[in-house]
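Please model the entire structure based on the sequences and the hints provided.
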Amino acid sequence: MITLNDYLYDGDTIFRILQKYINDLKKSAKENQNEIDRIHSHFLIQIRELLEHNDFLTAQSQKIREFYKYMAKEYPYLAFTFKGRIKSLIRAEEKFNSYVMEYIYEYYSEHQVYPPVSELKKKLSCFRDLIAYRIVISMPKCHFKSEQERRDAELNCLYEIANVLPEFLEERGFTAEPANGVQESCSSLLNPEVKPYYRDYVSNHEENEYQSLHITFYDNSSRSYMEVQLRTKRMDDVAEIGAANHRVYEKKQEKERRKRNQIPKGECLYFDEAYERGMRLLELDLSKLDVNMFSAVDNRLINDGCGLYRGRLILPYEHLSRFQNDLID
429 MITLNDYLYD GDTIFRILQK YINDLKKSAK ENQNEIDRIH SHFLIQIREL LEHNDFLTAQ
489 SQKIREFYKY MAKEYPYLAF TFKGRIKSLI RAEEKFNSYV MEYIYEYYSE HQVYPPVSEL
549 KKKLSCFRDL IAYRIVISMP KCHFKSEQER RDAELNCLYE IANVLPEFLE ERGFTAEPAN
609 GVQESCSSLL NPEVKPYYRD YVSNHEENEY QSLHITFYDN SSRSYMEVQL RTKRMDDVAE
669 IGAANHRVYE KKQEKERRKR NQIPKGECLY FDEAYERGMR LLELDLSKLD VNMFSAVDNR
729 LINDGCGLYR GRLILPYEHL SRFQNDLID
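For any residue, its number in the numbering used here is found by taking its place in the sequence shown, counting from 1, and adding 428.
Just so you know, the hints here were simulated from the structure itself, not pulled from any lab data.
In this text, all values refer to a predicted model and were calculated from it rather than measured experimentally.
We treat Cβ as the ideally placed atom computed from N, Cα and C, and that holds for glycine.
Hints are not guaranteed to be accurate.
To be verified - Between beta-carbon pairs, the in silico distance windows are: (1) Cys614 with Ser537: 39 to 49 Å; (2) Glu637 with Glu530: 16 to 26 Å; (3) Glu711 with Glu605: 48 to 58 Å; (4) Lys458 with Tyr505: 56 to 66 Å.
As the list claims (entries may be wrong) - No farther apart than 20 Å at their CA atoms in a straight line, the calculated lysine to aspartate or glutamate pairs in the EDC-like style are these: (5) Lys623 with Asp665; (6) Lys497 with Glu598; (7) Lys448 with Glu463; (8) Lys491 with Asp718.
Quick look at the structure:
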């Protein structure tokens with residue numbers, strides 16, 4: 429079995445790593461009649477094409493910038509950032525293998541048999557967050573007499589922006605995709621007409637305290653999907669440097685091992701390979717990798733110039749409140 433780890437120590441560029449891995453997966457698929465390796469290689473081709481071609485990203489980011497300009501006009505008192513990323517190669521690889529494991533585990537738990545390859549292929553046919561944009565908002569403290577008042581105002585504003593976003597982008601060539609009941613919002617702040625499109629991790633926040641609003645759009649010009657996340661600064665802190673981030677690694681290992689215990693080793697090749705690839709990625713010592721434009725002192729101090737671990741940055745916009753220094757009377 430080949431894994432992404434096998435290609436990360438030879439000083440190659442991210443494109444050469446991807447091409448070698450894709451070629452070897454195709455070869456493995458042919459030699460071993462492994463349909464999942466074939467789908468895996470097609471998934472990685474999508475990643476490579478996103479990294480190689482910039483024209484549609486430029487056009488897409490310009491349309492996103494129009495919403496930035498709208499917010500700057502409508503909310504001059506608000507501080508906010510817009511960021512866009514192509515999902516990192518390591519995270520994309522983790523997600524693909526996690527999807528394989530998750531579907532096999534759920535199907536086996538319900539039916540006590542393994543899913544047909546045709547059903548597994550359907551599950552792996554569409555990844556909709558390879559391109560993701562994040563909008564983070566913050567109300568300056570100087571506008572409010574208490575922290576609770578500020579948080580309430582931020583939450584109201586977050587949902588207000590969420591209510592406007594779908595129609596705004598649909599007028600510019602995007603189509604909002606139904607969430608199909610996943611994390612359906614129970615907030616009265618979200619308008620009924622947009623609720624079916626949002627996955628609401630704010631009103632339905634998880635045990636690890638992660639909070640965010642997620643919505644997926646189809647870009648009709650580039651024929652690609654993108655995800656938009658909406659958060660307050662506090663939500664973003666929890667996700668990036670707080671409890672939701674710190675517990676992810678341990679919880680993920682724990683979750684994968686529970687699945688491993690449920691599926692007897694040797695009974696399902698696709699599960700075994702996905703588990704091994706996923707665990708090897710979780711155990712990477714980033715300081716030992718030799719990839720062009722990437723370096724790390726350890727797994728926290730990382731300088732990623734190629735999108736290997738943190739993803740490729742495609743959109744940074746920042747807006748500071750015009751009344752940042754105003755005082756409350």
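Results for each hint:
1. For Cys614 and Ser537, the hinted distance range of 39 to 49 Å is not satisfied, since their beta carbons lie about 27 Å from each other.
2. Remark: the range hint 16 to 26 Å for Glu637 to Glu530 is upheld by a beta-carbon distance near 22 Å.
3. Between Glu711 and Glu605 the C-beta distance comes to about 34 Å, which lies outside the given range of 48 to 58 Å.
4. The supplied range of 56 to 66 Å is met by Lys458 and Tyr505, whose beta-carbon atoms lie about 60 Å from each other.
5. Between the alpha carbons of Lys623 and Asp665 the distance comes to roughly 25 Å, so the proposed pair goes past 20 Å and is violated.
6. For the hint pairing Lys497 with Glu598, the CA-to-CA distance comes to about 16 Å; that is within 20 Å, so the pair holds.
7. Pair hint Lys448 plus Glu463 holds up; C-alpha atoms about 18 Å apart against a cutoff of 20 Å.
8. A threshold of 20 Å between alpha carbons decides the hint, and for Lys491 with Asp718 the separation of about 37 Å lies outside it, so the pair is violated.
When each numbered hint is compared with the structure, violations occur for hints 1, 3, 5 and 8.
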